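Since the structure of chain H is already known, use the hints to place chain W on it.
Protein chains: 2
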Amino acid sequence: MSTEKEIIIKSDNIKFFAIEALKSTSMSEEDAKTIADTLVESELKGVYSHGIQLLPRYVRGLKNGINPKPNIKITNDSGPIATLDGDCGMGQIVSVEAMKLAIKKAKMHGTGIVVARNSNHLGALAYYGMMAASENMISMCTTNAASIMAPWGGTTETLGNNPICWTIPGDENNLVLLDMAVSTAARNKIRVAAAKGEQLPPDWAFDKDGQPTQDPQKALDGLIAPMAGPKGFGLAVIMEILSGVLSGGLIGKELPRDAISSTDIFYPTNTSHYFHVIDISRFCPIDTFKQRIKELSKQIHESHLAKGTSQIFMPGEIEFKTRIKRLKAGIPISESVLINLERLAKELNLSGLKKLTITR
Amino acid sequence: MSTEKEIIIKSDNIKFFAIEALKSTSMSEEDAKTIADTLVESELKGVYSHGIQLLPRYVRGLKNGINPKPNIKITNDSGPIATLDGDCGMGQIVSVEAMKLAIKKAKMHGTGIVVARNSNHLGALAYYGMMAASENMISMCTTNAASIMAPWGGTTETLGNNPICWTIPGDENNLVLLDMAVSTAARNKIRVAAAKGEQLPPDWAFDKDGQPTQDPQKALDGLIAPMAGPKGFGLAVIMEILSGVLSGGLIGKELPRDAISSTDIFYPTNTSHYFHVIDISRFCPIDTFKQRIKELSKQIHESHLAKGTSQIFMPGEIEFKTRIKRLKAGIPISESVLINLERLAKELNLSGLKKLTITR
Numbered sequence: 007m008s009t010e011k012e013i014i015i016k017s018d019n020i021k022f023f024a025i026e027a028l029k030s031t032s033m034s035e036e037d038a039k040t041i042a043d044t045l046v047e048s049e050l051k052g053v054y055s056h057g058i059q060l061l062p063r064y065v066r067g068l069k070n071g072i073n074p075k076p077n078i079k080i081t082n083d084s085g086p087i088a089t090l091d092g093d094c095g096m097g098q099i100v101s102v103e104a105m106k107l108a109i110k111k112a113k114m115h116g117t118g119i120v121v122a123r124n125s126n127h128l129g130a131l132a133y134y135g136m137m138a139a140s141e142n143m144i145s146m147c148t149t150n151a152a153s154i155m156a157p158w159g160g161t162t163e164t165l166g167n168n169p170i171c172w173t174i175p176g177d178e179n180n181l182v183l184l185d186m187a188v189s190t191a192a193r194n195k196i197r198v199a200a201a202k203g204e205q206l207p208p209d210w211a212f213d214k215d216g217q218p219t220q221d222p223q224k225a226l227d228g229l230i231a232p233m234a235g236p237k238g239f240g241l242a243v244i245m246e247i248l249s250g251v252l253s254g255g256l257i258g259k260e261l262p263r264d265a266i267s268s269t270d271i272f273y274p275t276n277t278s279h280y281f282h283v284i285d286i287s288r289f290c291p292i293d294t295f296k297q298r299i300k301e302l303s304k305q306i307h308e309s310h311l312a313k314g315t316s317q318i319f320m321p322g323e324i325e326f327k328t329r330i331k332r333l334k335a336g337i338p339i340s341e342s343v344l345i346n347l348e349r350l351a352k353e354l355n356l357s358g359l360k361k362l363t364i365t366r
Numbered sequence: 007m008s009t010e011k012e013i014i015i016k017s018d019n020i021k022f023f024a025i026e027a028l029k030s031t032s033m034s035e036e037d038a039k040t041i042a043d044t045l046v047e048s049e050l051k052g053v054y055s056h057g058i059q060l061l062p063r064y065v066r067g068l069k070n071g072i073n074p075k076p077n078i079k080i081t082n083d084s085g086p087i088a089t090l091d092g093d094c095g096m097g098q099i100v101s102v103e104a105m106k107l108a109i110k111k112a113k114m115h116g117t118g119i120v121v122a123r124n125s126n127h128l129g130a131l132a133y134y135g136m137m138a139a140s141e142n143m144i145s146m147c148t149t150n151a152a153s154i155m156a157p158w159g160g161t162t163e164t165l166g167n168n169p170i171c172w173t174i175p176g177d178e179n180n181l182v183l184l185d186m187a188v189s190t191a192a193r194n195k196i197r198v199a200a201a202k203g204e205q206l207p208p209d210w211a212f213d214k215d216g217q218p219t220q221d222p223q224k225a226l227d228g229l230i231a232p233m234a235g236p237k238g239f240g241l242a243v244i245m246e247i248l249s250g251v252l253s254g255g256l257i258g259k260e261l262p263r264d265a266i267s268s269t270d271i272f273y274p275t276n277t278s279h280y281f282h283v284i285d286i287s288r289f290c291p292i293d294t295f296k297q298r299i300k301e302l303s304k305q306i307h308e309s310h311l312a313k314g315t316s317q318i319f320m321p322g323e324i325e326f327k328t329r330i331k332r333l334k335a336g337i338p339i340s341e342s343v344l345i346n347l348e349r350l351a352k353e354l355n356l357s358g359l360k361k362l363t364i365t366r
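One line per chain: the protein sequences are H and W, in this order. So the first sequence is numbered by the working numbering: it starts at 7 and just counts up by one. So the second sequence is numbered by the working numbering: it starts at 7 and just counts up by one.
It is possible that some hints are incorrect.
Pairs involving identical chains hold if they fit within one copy or between any two copies, as the list cannot separate such chains.
Derived DSS-like pairs (lysine-lysine); straight-line CA-CA distance at most 30 Å [said to hold, decoys possible]:
#1 Lys69 <-> Lys224
#2 Lys296 <-> Lys259
#3 Lys75 <-> Lys106
#4 Lys352 <-> Lys304
#5 Lys304 <-> Lys327
#6 Lys304 <-> Lys259
#7 Lys304 <-> Lys224
#8 Lys79 <-> Lys113
#9 Lys259 <-> Lys327
#10 Lys214 <-> Lys304
#11 Lys195 <-> Lys313
#12 Lys334 <-> Lys110
#13 Lys352 <-> Lys69
#14 Lys110 <-> Lys331
#15 Lys313 <-> Lys224
#16 Lys300 <-> Lys79
#17 Lys202 <-> Lys313
Simulated from the structure, these hints should not be mistaken for lab results. For clarity, every value in this text was computed on a predicted model and none was experimentally measured.
One chain only, chain H, in its complex shape:
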């Protein structure tokens, strides 16, 4: 991405365009706003992979089997626990419903677990985790995803890179956010290395025989490596179970092939999600909790620096700092993404794109 020309656009303008584009399907304005908000929040945090580049694919998916007006149903409700059927709606809409319910349950019972099946790509988990954090609650969220990783020692793509996200409330400078895929790197980063003719780091990928490779082309013909070897494989299995098995959804190779890795194709993925929320006030006063997070953050920031490092960051700190900067200065959008958005505007006959303001 970094070699490409970038254009700075205000986040509100991106959001406005995304809402218009999503409304062009038969989606409600409210749902369009939610999805647009998740895309813009990712852009603000510097998480390009889950940003506005997904919009053309989402619109395509909504015309290609994803339900723009899902009837999301609670199929199981028992104290702090519930299961949703997402009715093949957008993952964002299903996930916001699920997280709202998990928060409600945590307020009532002290903790809540809501799982959802029959859903789709949900963007970045951090968005739903932040909903819990803003209610002074801890969350752990996960989802399964189309198979792109082989079991440890195997070569058949059987598991998704099943991301996990924890959010921990703190005062505004000390909120903790860890949102990570259990693969070492995204396929997209390997594509970038291939385009630049660069070698990969040693632990990113396997060739088609399951041997470690640093050749990006062999990696693209081969397999994404789990993070930390067998540990990342183990995490992928556990997250598959928490989301896919607990919810009664699809698992592993039952999910359709990867619908997100291609720029042009998008269709229902039938993924499942897991949302766990904990009400901190059941353990201790929230001010005491936040004070302790501040103290831990201080210990971490006060570490001596490794040679070559200029600053230490808490998990999520880079993202939150980027967010503050981009809210003010705008979001750099790469030229290739902008071309795709302009094409989408033309397809949908939208005036929306005209609202994009280039600020420098």
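Frame of chain H, contents of chain W only:
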């Protein structure tokens, strides 16, 4: 370890000796049996690091500040949530109490979260997870630990290698167990490499300036690396918060320095733990759940093999297979561990060691 001579001993004999040794402190027979059981269970699973080699240190710790007769108190109890004060008891005794309570709460409410502060080294988390699995429940357990890892980009030891464990019930061949430290490797493995004069893999350690090193001596003078780089650091922070902050216990550098890495010293560590249990039957019939785990396991086992691999294992499968073998054939104990146990028997004037039976 593998270059050392090993002696095969029946697991029951190891357990008997451990019980006798622990009873020589003023600990109750019941508690001695619990701790002995955790040590033997680790040996059976092939987890040497949490096996009988810890016994002399535990006995020393019990004479050195760890409370052999703790008065474990519930200091907070609210629906599915509770907090325990471990009264500086052995981590195993505190953790079994905490897990029992979490299971009880999950039976009543569908899920339970119990945290404990003022505890000590708890051995392998898998032991407590298996308690939940045997009740057809899912568990996630974690603990903080004495600081041996620096923040990402730093060189000050601030965080433990804070292990995380998930257990998922399945039929007897398909139980899923993931019990992992968030560091890449244990310091003990680096010591072994140093003794053998071998190079370390590239991602195991940093030198004292925080630069990656494959030299085991520089690593011993330096730092353990988190697994998967900043992701492992992030996990260490989250686990520190779930255990240390939620329980009102100590965090990060507030914990005493590493009491377990030395062979001879052991003292209270004041660690905190987190136990989360989920009752599967609130989501779906347990038979349906186990059938789905079996299907996922089948998908994983049916993967094509990478070149050089002869078999694929589910998380925990190697441990469970080792357990069955060792229950029958006995446990290989290295000569150096045996010498330490014999020294302990002499110190405590125990006849217990005579019960050790060498079976080949």
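Do the hints match the structure? See the list:
1. Lys69 <-> Lys224: So lysine 69 and lysine 224 fail the 30 Å test inside a copy (34 Å) and across (59 Å) alike.
2. Lys296 <-> Lys259: between (42 Å within a copy, 18 Å between copies)
3. Lys75 <-> Lys106: within (18 Å within a copy, 45 Å between copies)
4. Lys352 <-> Lys304: Neither. Shortest intra-copy (51 Å) and inter-copy (47 Å) distances fail the 30 Å Cα cut-off.
5. Lys304 <-> Lys327: Within one copy, since 17 Å is at most 30 Å while 45 Å is not.
6. Lys304 <-> Lys259: between (44 Å within a copy, 11 Å between copies)
7. Lys304 <-> Lys224: Between. Shortest inter-copy distance 28 Å satisfies the 30 Å Cα cut-off; intra-copy 44 Å does not.
8. Lys79 <-> Lys113: Answer is both; intra-copy 21 Å and inter-copy 25 Å each pass.
9. Lys259 <-> Lys327: between (38 Å within a copy, 26 Å between copies)
10. Lys214 <-> Lys304: For lysine 214 and lysine 304, the Cα distance is within 30 Å only across copies (21 Å; inside one copy 45 Å).
11. Lys195 <-> Lys313: Close inside one copy (26 Å) and across copies (25 Å); limit 30 Å.
12. Lys334 <-> Lys110: The answer is neither: 33 Å in one copy and 51 Å across copies each exceed 30 Å.
13. Lys352 <-> Lys69: within (16 Å within a copy, 78 Å between copies)
14. Lys110 <-> Lys331: neither (32 Å within a copy, 48 Å between copies)
15. Lys313 <-> Lys224: between (34 Å within a copy, 15 Å between copies)
16. Lys300 <-> Lys79: between (40 Å within a copy, 28 Å between copies)
17. Lys202 <-> Lys313: both (28 Å within a copy, 29 Å between copies)
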